[in-house]
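Chain by chain, the residues run as shown.
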Amino acid sequence: MPYNCVVLVKQVPDTKQISGKVMKDDGTVNRAALPAIFNPEDLNALELALQIKDKFGGTVTAVTMGLPTAAEVLRQSLFRGADDAVLITDRRCAASDTLATSYILSCAVKTLKYDIVLCGRQAIDGDTAQVGPQLAEKLGIPQISYVENLSDLKDNRLTVRRSIGNGHQIVRCKLPVLLTVLDTANEPRVNAAKHMMKHKKALTPIEIQQKARAELPDADEAAVAAKAQEITESLSKTHSVVKQWNLDDIKADLTWCGVSGSPTKVNRIQSVVLAAKEIRDVEPTEQGITDLIHELIQDNTIA
Amino acid sequence: MIKVNRNGEVWVFAEQHAGQMEDTPLELMGRARTLADTLKVPVGAVLLGHNIDGLAQKMIQFGADKVYLVEDAGLKDYQATSYAKVVCHLIEKFEPQIVLYGATVTGRDLAPRIASTMKAGLTADCTDLRIGEHKVTKTGELHENLLLQIRPAFGGNIIATIINYERWPQMATVREGVMVMPQPHTTRVGEVIHEKANLTPEDLPLEILEEFKTERKVNLKAANIIVAGGAGVGSRDNFKNIWNLANCLGGAVGATRAAIDLGYIDHDHQIGQTGTTVRPKLYIAAGISGAIQHQAGMDESQKIIAINTDPEAPIFCYAHYKIVGDLNMVIPMMVKAIREKI
Ligand SMILES: Cc1cc2nc3c(=O)[nH]c(=O)nc-3n(C[C@H](O)[C@H](O)[C@H](O)COP(=O)(O)OP(=O)(O)OC[C@H]3O[C@@H](n4cnc5c(N)ncnc54)[C@H](O)[C@@H]3O)c2cc1C
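Respectively, the protein sequence lines represent chains A and B.
Sequential numbering from 1 applies to the first sequence in the numbering used here.
Sequential numbering from 1 applies to the second sequence in the numbering used here.
This is chain A alone, in the form it adopts within the complex (with noise of 0.2 Å):
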């Protein structure tokens, strides 16, 4: 039996690679500065989806909601299996918090056909994990967080083994539900030619307007816009155009996107410093060691 699964995807600056020069003076991190990545643990989410699509047969849809450069998440996504992809891309979404965000990604879901819908157990940019149960809880469905395998599928029910921190419990629960999957879940598949080659030039309406401009530079407005209809319809033949939609699309209700869907505030922001201590130095030599461990019994720090 097919199951249609969703698999939320975000781009997420690469929080590994920070160093003192992506840190601004006012001790907020410079974005810009750092690679842009595919959050790791949403792999493992397409993953378990890909897997699911293998077995079972279905599709899998890979939705993120960011930048128009969030595309490349959904292009990584379809060379990797993924049969369509969906960027919600608007100003309005912009400080949005997971509670905004969560409205956001449940308004595009709920127009999609899903029995079970992925998301990673959290972002590397928040580690929040608020985002998947948010959304469950937004579309009305069960979550099961913190996701290790999925051990059975049969009559529209799942059996999964979920980490609760210091043990395992196995999980089951009827379609539709949301999963949120950890980093030890699977090893994610890289991408495969064979899909790579049929969607190579997957491309957001954005990013077709941006190379018809590009191929015709001196040319009026109308000659673009065909150019860009001619890109689309060739694009289309490989299901390679990826979806773009806007807050008004998917029917969002703006008070609750955005900076006014969201509860929460930046009150401060504090880079870390290390305020140096008053330090001993002591020497590596015999003599060195014996004294500070001397010392150390002495104050009672050990007995």
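Just to be clear, a hint being listed does not mean it is correct.
Said to hold, decoys possible - Just some of the chain A residues that point at chain B, by a computed CB distance under 8 Å:
| # | residue |
| --- | --- |
| 1 | ALA129 |
| 2 | ALA136 |
| 3 | ILE164 |
| 4 | GLN169 |
| 5 | HIS195 |
| 6 | GLN270 |
| 7 | ARG280 |
| 8 | GLU286 |
Because the hints were derived from the structure by calculation, they are not lab data.
In this text, a Cβ means the ideal position worked out from N, Cα and C, and glycines have one as well.
The hints should help you fit chain B with the ligand onto chain A, whose structure is shown.
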């Protein structure tokens, strides 16, 4: 949605599993008490489960003025849907101004579901909570007595203070181990308020078929002395030096994420932002550069001895004793000196 509310109580979600109270809510009780005293309101504990009335008294001993107790066979095992429904009902009925959760697997699963239903703000993984004010830059509007939700952000490279003043309750999850558990007072008295769960079958969508618990082998939180090794230890074999020193000091063994990723030691030993937070009497850091993510889990140790070949290593910015040298030489010297003295 709850109207803006600054008179309500400060609540702690009293997470228990099979009648066993988790540590984090108990750790939270101390801070909830301070916050509530500043706001001059009572502390409430929210306790859900089945056959757990004994735990209500425990929450009172740890500082709760009121315990909202909901017992139901359907609440025996934690499920996000049922627990969220019951907690939301309590929030709507009793209108607390602040609700705190441990940032445990359960807390991080439950709190966002509740926040979504209540359309309330939620800050994940706080390391500090205070009461303070906020001035809105654009309008000059001043909000007083807000919960300042302080957390590391961006991989630990910055500390952000988050607030929410437009919608209530103010909610946060708090990292395990960062707050000091208060002493229980067996003579404290409090009120237990019994509420009904009113669950329907739809509230219980999960079947929990099996559960295995792996006893945590390492108890870093309780250790007075911790010897921690990093990538600089060089190999799993060299890590024996670390174990040796810990053994002769009666201490526990900690590690950095890098050492764990390199396979020198198990994940249970990780100290730092994504591991355990510790504050022992003595912390010996060997072959550890001192990244902020590691520092976040250990810099409240009373004494820190750092051993590193690099005199410029950041760890020396917050250590008390600086030993510039090869740990494979220095540690055996320490072991020898201790054996001779004790
Ligand atoms: C989101 C996020 C969360 C993280 N969470 C954590 C966490 O919880 N805990 C954690 O520890 N890390 C965490 N990290 C990783 C952290 O950023 C560092 O990468 C890690 O702590 C470095 O470990 P290290 O000091 O062992 O390794 P390195 O930084 O590689 O340091 C090794 C040190 O050993 C010294 N050395 C080498 N040989 C010797 C020798 N023979 N004798 C003495 N010294 C020697 C070197 O001079 C160097 O200073 C996290 C990172 C991110 C992005």
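The hints, checked one at a time:
1. Satisfaction of the interface hint for ALA129/A is found here, the shortest Cβ-Cβ separation to chain B being roughly 5 Å, below the 8 Å cut-off.
2. Proximity of ALA136/A to chain B holds as hinted, the smallest CB-CB distance being about 7 Å (cut-off 8 Å).
3. Residue-level restraint check for ILE164/A holds (minimum Cβ-Cβ distance to chain B is 5 Å; threshold 8 Å).
4. Satisfaction of the interface hint for GLN169/A is found here, the shortest Cβ-Cβ separation to chain B being roughly 5 Å, below the 8 Å cut-off.
5. Evaluation of the HIS195/A hint against chain B yields a violated restraint, the C-beta minimum of about 30 Å exceeding 8 Å.
6. Taken as an interface hint, GLN270/A checks out: its beta carbon lies about 5 Å from the nearest beta carbon of chain B, inside 8 Å.
7. The interface hint given for ARG280/A holds, since its Cβ lies 5 Å from the closest Cβ of chain B, which is under the 8 Å cut-off.
8. Taken as an interface hint, GLU286/A checks out: its beta carbon lies about 6 Å from the nearest beta carbon of chain B, inside 8 Å.
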